[in-house]
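**Q** Single-letter residue listing:
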Amino acid sequence: MTLALDTPASVRPRRGSAFFKFMGRLFREKPLGAAGAVIFIVFLLCGLFADILAPYGYNQISPINRLKPPSWQFLFGTDNLGRDVFSRCLYGAQLSVIIGFCAAGLATLVSIVVGVVSGYIGGKFDMIVQRMVDAWMSFPDLIVLIVVVSVVGPGLLPIIVVLGLLLGVGGSRIIRGATISVRENMYVNASQSMGASTPRILLRHILPNVMAPVIILFTTRVGFVILAESGLSFLGLGVPPPAPTWGGMLSGSGRTYMLQGPWLALAPGLCLTVVVYATNVFGDALRDLLDPRMRGSK
Amino acid sequence: MAGADSVLRVRDLKVHFPVHDGVLIRRQTGSVKAVDGVSFEVGRSETLGLVGESGCGKSTTGLAILRMTPLTEGRIEFEGQDISHLSVRRMRPLRKRLQMVYQDPYGSLNPRMKVGDLIGEPLVIHGVAGDQDAYRARIQELLRLVGLRPEMAERYPHEFSGGQRQRISIARAVALNPTLVLCDEPVSALDVSIQAQVINLFQELQERLGLSYLFIAHDLAVVRHVSHRIAVMYLGRIVEVAPRDLLYRAPLHPYTRGLLAAAPLPDPSAERSRAHEEIVGEPPSVVNPPSGCHFHPRCPMAMPVCAQRAPELTAAATGHAVACHLHDPSRALDIAASGLAA
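Residue numbers (my numbering), protein chains in the order written: chain A, 1 to 298; chain B, 299 to 640.
Chain B on its own, in the form it takes in the complex:
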């Protein structure tokens, strides 16, 4: 994506949570490096999928962009403006164009508020509700936009199914015509049949309203369907970024390959006959991550250098970047040499 037209640009974002010890005298004994030097861009009307297993820092990245969690280091540019150090007051007007859809359709809607008031809340907060009639008309329009009936505005969230509630959340997120919507696992709590409907709604809204999405998920099939580009995260770092088709066709990082291999194929006979590149072991501790490349203890292709030095995210092809010593051009000779030795 062209840099000039990016809606969101994240540079070397780090979010570390201190770990304290001691009862009376509290000392910082370490830190959880939830996000450790993440960089990416989201273009206008583009969907960037952010995938990785649970605990890898996907959601924290989203929260940091919303400035809902303090960031340790790095720079976040939203619509060309550096928002990484804005005060709460200066951040408020920007929140109009930066919205979020949450994972849990049950927890993210206040059970005591009517659906109409929930959807209208961003309008009221930012003082653009207008008079009663305009406000009501806007809510009804939003309800229709997400495929709900206007008279549902008078009902309470508990009267709706999970999929309908997620539609309500989406209506709330697009109420102010945002430029970027952060979607934190927006369909993972839904039935598979409902997931498809909600995903289609996301895509439809993107076309009609020109939205950009940062789509955080762990379901590779879902991400493949919605994303233009995909970034794969492992333990607080991005290990590979590529356009969707390229990533699924020719994954470079061993972790990405393992991740894709772990997703079952829809055809059972194809599933049985294909070769599996399994990822062995459990994700390591985030307080004490492995040295060098965080993935090296589980990597089938690990080399001595992997334990010593963390690989940089470098371009391997147009739009395709990977952080792996295997694909580091300056190390190509070493790899060839070790191959000869073996």
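Next up, chain A with everything else stripped away, as it sits in the complex:
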């Protein structure tokens, strides 16, 4: 009870330290999630500094070193054109991580905006928006992609935008469902009766309480988008070769020469698996840490 008299100093949190406090909690309470975050950052740095880290150029052909197994000279071996798979994986981290995060980020943003607004407002508005979502979802993804890519040409940006919108509209259903269940809570009603504006209710009451599905949606989308890009590369609609993406490496030379050089598929496949796993455990940790009710649980 002595605390009650002289608390103001401890009651006042310093805003700048919030990030470090959060990181501290991440490492203390969620070691697995912290590991995920570290792995992810390592991959991001690999991608960013691929020019310095990569021992060879991503398109440096060496005909005498074709399909060499992993060795100290070529860490992950070489492909059918004698290109160093390790270097290509490093450059691939750049493209795949960018695509994965931008497209999944865009998808999540679209899901949040469409889902929260449609779910909160409800009624006729919700009805109309949801029928439009139905219509959008009934389009085969591939057809939309082919049309857009053939109109604007293949490249990083169209892939991110199209994948982001395609997944985002579909995912909005999940956020809408969560919004509807949160909307019925008494605290939303209380805030309305106090005279809170709609944007305030959406940002302060609805959004923080639908963060769990939002984070899960994002982390599952990252892996999906990286794989989807590989499918597009296979059709020649992805990031054009010879730019390396993990998906492209898997579905291109990786598949063709799987028996002669299994490392061709293993290397990008493992990179993909590790990044997706890392984002998932980090996402789970983030979800738990952001929920005050989960404080102190492992």
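Don't read these hints as lab results, they were simulated from the structure.
Be aware that a few hints might be false.
[What the hints assert, rightly or not] Derived CB-CB ranges, DEER-like:
(1) A:Pro199 - B:Glu580: 41 to 49 angstroms
(2) B:Pro368 - A:Val38: 52 to 60 angstroms
(3) B:Gln326 - A:Thr273: 39 to 47 angstroms
(4) A:Lys124 - B:Glu580: 33 to 41 angstroms
(5) B:Glu580 - A:Leu289: 47 to 55 angstroms
[What the hints assert, rightly or not] Now the stretches of chain A that chain B is said to cover, found in silico as 3 or more residues with beta-carbon under 8 angstroms:
(6) 176-187
(7) 197-209
In this text, a Cβ means the ideal position worked out from N, Cα and C, and glycines have one as well.
Go by the hints and put chain B onto chain A.
**A** The following block gives chain B in isolation, referenced to the frame of chain A:
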């Protein structure tokens, strides 16, 4: 209560919810008359208890006053101003002085917000938060006012017990110095031992801040303790209004009598020896309420006229009004006649 000094005046309030049928072509097939012609007043620094069994429209009345549910008919005056048709924008400034405490202490606080932010929310919404220091000082003052410690502002609602959470709700409701607080079953979700503390807090705040309460509840003991006057509701209508002591001493409406008889006495031997006037049957459907007086199918004193005509709420004594044909002065002769015939 003097009409001139009433904070809230409700006249003939009706809230009907349409019932639809059909898949493609939707037709309105009827309506749920949740509130069907309710009138009452709440005076300054007065507590009006609103009692009735579940589903009788008590909570809907509260929501309609807050304009959280559309009203079908009637007039609501708050501080002398008709608010029954105000737009959302014009209603907003009035919400400062019209607050609510909810039944569920678990559902009415956002689990993601700190207690300090929850209590400060009305201040922020109405732009009276001031600078950081003034805001914090006000929150700490409010926490002390409701019997919590100031450093609790940094905690989250799930760290508190039901009673403490209800104190947080109360702090939030009084943050803007309201004139009227609607209390929708504010203690029914709490343990009996905690109920007493929270009720005392309500009374203490009423004295210190001059609050008026519309206290909605089904627990007669609680209502008796907090209210100055009590209105009894049955199926969307008020059947009896009286000052507290008068209502408990001399209830007039058969429903009120049954309700009071159903509440057990604290003394077991007195409880065993007293006569019970039980209410038989279940509350009828609100979509298809009985004709005339809604209570007549369950009423031990029902007369032929009860099924035909709904009784008006008429004054039986000073401050005591009842809606029952038994107490209708114009029908006194008929009753005497039927008594002779029997």
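**Q** Could you tell me which of the numbered hints above are not met by this structure, giving the numbers in increasing order?
**A** 3
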